[in-house]
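**Student:** Protein chains in written order, with numbering that gives the first Met the number 0: chain A, 0 to 155; chain B, 0 to 104; chain C, 0 to 274.
By construction, these hints were calculated from the structure, which means they are not laboratory data. Model, not experiment: these values are computed from the prediction. Note that CB positions come from ideal geometry on N, CA and C, so glycine has one too. Incorrect hints may have been included.
Partial chain A-side listing against chain B, Cβ under 8 angstroms, derived [unchecked claim]:
no., residue
1, Phe40
2, Val77
3, Asn99
4, Ala110
Below, a list of computed lysine-lysine pairs in the BS3-like style, where the Cα atoms sit at most 27 angstroms apart [what the hints assert, rightly or not]:
no., chain 1, residue 1, chain 2, residue 2
5, C, Lys82, B, Lys5
6, C, Lys199, A, Lys125
7, C, Lys27, C, Lys77
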Amino acid sequence: MSMKRRVFLKGTLAASTVGVLAGAGLLAPRAVLAAWPKSAFDATSVDGALNGVYGSSGAADSNSITIKAPDIAENGAVVPVTVESSLPGVDSITIMSASNVNPMAASFSLAAGTAAYVSTRIKMAKTSDVVAVVKSGGKLYKAAKNVKVTIGGCGG
Amino acid sequence: MGNTIKARAKIEGGECVVKMLISHPMETGQRKDKKTGKKIPAHFIQEVTCDHNGKVALSAQWGPAISKNPYLSFKFSGAKSGDTLKISWADNNQGESDSLETKIR
Amino acid sequence: MKKILALMAAAAVTVPLIASASPQQDVKLYQKYFLQKFPSVPLQEFANGVYAVDEAHRENWEAIEEFPPYDPMIDEGKAMWNKPFANGKSYKSCFGKPGVANKYPYWDAKKGMVMTLVLAVNECRTKNGEKPLAYKKGPLAKLLAYMAFQSRGKVNRVKIPRNDPRALAAYEKGKQFYFARRGQLNFSCASCHMQNAGQKIRAEVISPSLGQSVHWPVYRSKWGELGTLHWRFQGCNKQVRAKPFKPQSEEYRDLEYFLAYMSNGIKLNGPAARQ
């Protein structure tokens, strides 16, 4: 099966998908959105997930990406994660939990004028690096932060 | 239209800061029903879009690793108080969806 | 007084049934115990439970409180509060206003029992021809979330009427429950939440029981939903492998009476988010 490159915001879609999205009231006439990147979410490795989102997995380490997440997650089902970057022209942020069976948690497409900042809450199956990949100027950059996920004590 | 989206959109330091909570089970498809022993089918939001003045400011592709009753916050410029922000989501369950229009404060 | 001091000084093991140290003396000693155990934590901060004493997890909790998961449930509770019953009356007809959580629990002399807000809500419903709601979670918890939210900042001031010995007896039963060992693991509430408050049990830090009653209902991430105090009592009992009592049973209401009295002076701050 060929892995088609997915492009957000200016993507091409099969006509039937467009129909479904339009029917759900999700599509406005002017914006056509990419289909859900199934291969990224099904991937069992960080590289596989990145390939599914960006068509490539090479990302340079960057000090210009900040991941705010607790050192020790209180409950692996609800881990608050904030990713911010000072890199210029960031149009995409992808968040993965490297040790999850399927590392891909989310991918965000940012319009021009939208800050390189997203905050959400993710599920982590166990202690893992939270990996954030950012696309800036057509190139991929990454950072990671280790989050410990413990088995509960009395709380279960 | 359900009331699954709760959002706060405020101008802070020249940017519109958006915070939202969506009521959704975000089932992974791996959990077993304690009573029947059967797996509870995957049921999770796949896409969230946020529009301002007819333009998509942010769109998100989500998987089941986003927590139950998901939270999302982001920021964008070019908005002012009184503008409308539209937030929509669609899930994997035959494109079940909801949307909310909220005024930016 | 001597008995409760001896109790608290005891390193471990069996706790004797406490006869009549007065509740007023008990609360002074109880609060003093926690304030001495955690000298950098002011009294009001105990309303935040384990986060008053667990720096590591406080950051996690504050991130969640940015937009807490119980927030939409307060709105749902408000809608419930505003919706009239079939007979035209409403919760307002019974309670006057939603911010009354600080009036509970109280000793109801006529009924001869501890009345909780949960029971009062259902009493309001049944008096007006509505079906009672389930005690542990669901719609009742959401209504409680709204009432708790409207009650935030009100000082918890539980009373034990001096002219009714049955009230004192209920308080004493609650106190006995708190200090009695139970279950296969043979722990009492005090074993964990007094003696070992702030210590780790496996990977979790144990919360102090001072302030435990003032922040309900709670959205526990573990539950994935909003729940009530008595649901948590059940969970705690099960965790020491003791048979749980029913929510709103006399045992749990008396325990709530004791715990709430011990937290007198602390401002209510429900609903809350916990792991």
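**Student:** Are the hints correct? Go through all of them and say.
**Tutor:** Hints and how they fare:
Hint on phenylalanine 40/A holds. Least Cβ distance to chain B is approximately 4 angstroms, under the 8 angstroms limit. Contact between valine 77/A and chain B, as hinted, is supported at the beta carbon level, the nearest pair being about 5 angstroms apart and thus within 8 angstroms. Contact between asparagine 99/A and chain B, as hinted, is supported at the beta carbon level, the nearest pair being about 6 angstroms apart and thus within 8 angstroms. A cut of 8 angstroms between beta carbons decides the hint on alanine 110/A: the least distance to chain B is about 5 angstroms, and the hint holds.
Among the hinted pairs, lysine 82/C with lysine 5/B is consistent with the structure: their alpha-carbon atoms are about 21 angstroms apart, no more than 27 angstroms. Of the supplied pair hints, the one linking lysine 199/C and lysine 125/A holds, its CA atoms being roughly 19 angstroms apart against a limit of 27 angstroms. The hinted pair formed by lysine 27/C and lysine 77/C fails the criterion: a straight-line CA distance of about 37 angstroms is larger than 27 angstroms.
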